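Trainee: Take the sequences, apply the hints, and build the full model.
Numbering (numbering that gives the first Met the number 0), first residue to last: 0 to 177.
Think of the hints as simulated: they come from the structure by calculation, not from any bench.
Quick caveat, the model's predicted, so the values are computed rather than measured.
Here a beta-carbon is modelled for each residue, glycine too, at the ideal position from N, C-alpha and C.
Worth double-checking, as some hints may not be accurate.
Below, simulated BS3-like cross-link-like pairs (lysine-lysine); rule was C-alpha separation at most 30 angstroms, straight line [unchecked claim]: (1) LYS25 - LYS120; (2) LYS76 - LYS91; (3) LYS91 - LYS28; (4) LYS76 - LYS25; (5) LYS120 - LYS28; (6) LYS91 - LYS120; (7) LYS76 - LYS120.
Computed beta-carbon distance windows for the label pairs [unchecked claim]: (8) ALA26 - GLU101: 16 to 24 angstroms; (9) ASN62 - PRO123: 18 to 26 angstroms; (10) SER44 - GLN23: 37 to 45 angstroms; (11) GLN19 - HIS121: 46 to 54 angstroms; (12) ALA107 - ARG72: 18 to 26 angstroms; (13) GLN98 - ASP7: 40 to 48 angstroms; (14) GLN117 - MET14: 32 to 40 angstroms.
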Amino acid sequence: MAEDFGRDIGAAERMVRDWQDRAQEKAEKFNRLQQQVEGISVTESTRDGAIQVTVASSGMLQNLQLADNANNRPMPKLAAEIMRLVQQAQAKIPGQMEQAVEDTVGLADSAAQHVLGQARKHFPEPPPEEEPPRGTRANEIRTPAEDESPPPRRQQAPGRRKPDDFDDEDFGNGSFLR
Numbered sequence: 000m001a002e003d004f005g006r007d008i009g010a011a012e013r014m015v016r017d018w019q020d021r022a023q024e025k026a027e028k029f030n031r032l033q034q035q036v037e038g039i040s041v042t043e044s045t046r047d048g049a050i051q052v053t054v055a056s057s058g059m060l061q062n063l064q065l066a067d068n069a070n071n072r073p074m075p076k077l078a079a080e081i082m083r084l085v086q087q088a089q090a091k092i093p094g095q096m097e098q099a100v101e102d103t104v105g106l107a108d109s110a111a112q113h114v115l116g117q118a119r120k121h122f123p124e125p126p127p128e129e130e131p132p133r134g135t136r137a138n139e140i141r142t143p144a145e146d147e148s149p150p151p152r153r154q155q156a157p158g159r160r161k162p163d164d165f166d167d168e169d170f171g172n173g174s175f176l177r
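Mentor: Right, dumping it as structure tokens:
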């Protein structure tokens with residue numbers, strides 16, 4: 000009986016040691032994951048290279064570079080392009096985080112899946128790039144379409160009536176408080 004008790008204690012000790020080893024291994028993997036995620040940054044540029052943005056894994060803007068030809072844009076368009084690039088860069092963060100998870104703790108880990116879900120929630124795909132309205136591109140001439148009609152003419156407001164045009168219902172020139 001004492002022999003069985005000794006074997007049971009030995010088995011329990013091995014089980015606890017195995018559990019501690021797995022916990023330490025998992026902690027080391029998550030430390031590596033954290034380091035990889037902290038090192039993630041994404042850079043996006045306009046086609047002409049006039050604007051370049053870099054965002055960190057947190058989604059924060061790390062760097063903004065504007066080439067000399069960026070000043071040719073109207074300020075509202077420049078601002079919109081910068082924001083679009085930041086959103087495009089942020090949308091790539093979850094993919095890079097997923098790769099880091101796969102390389103360290105594995106995609107089957109529930110805690111890692113939660114982190115990835117949060118990243119996708121905070122950094123969704125940006126809206127599709129809008130096509131500029133007709134007639135706003137450089138060198139594009141806008142001609143009215145055949146079915147376009149001229150804008151409606153505004154009617155002029157009637158002129159002021161002369162005092163002798165008033166009748167009794169209008170209370171004439173006198174006060175309506177008689």
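Trainee: Are there hints from earlier that the structure breaks, and if so, what are their numbers?
Mentor: Violated hints (numbers, rising): 4, 11, 12; every other hint is consistent with the structure.
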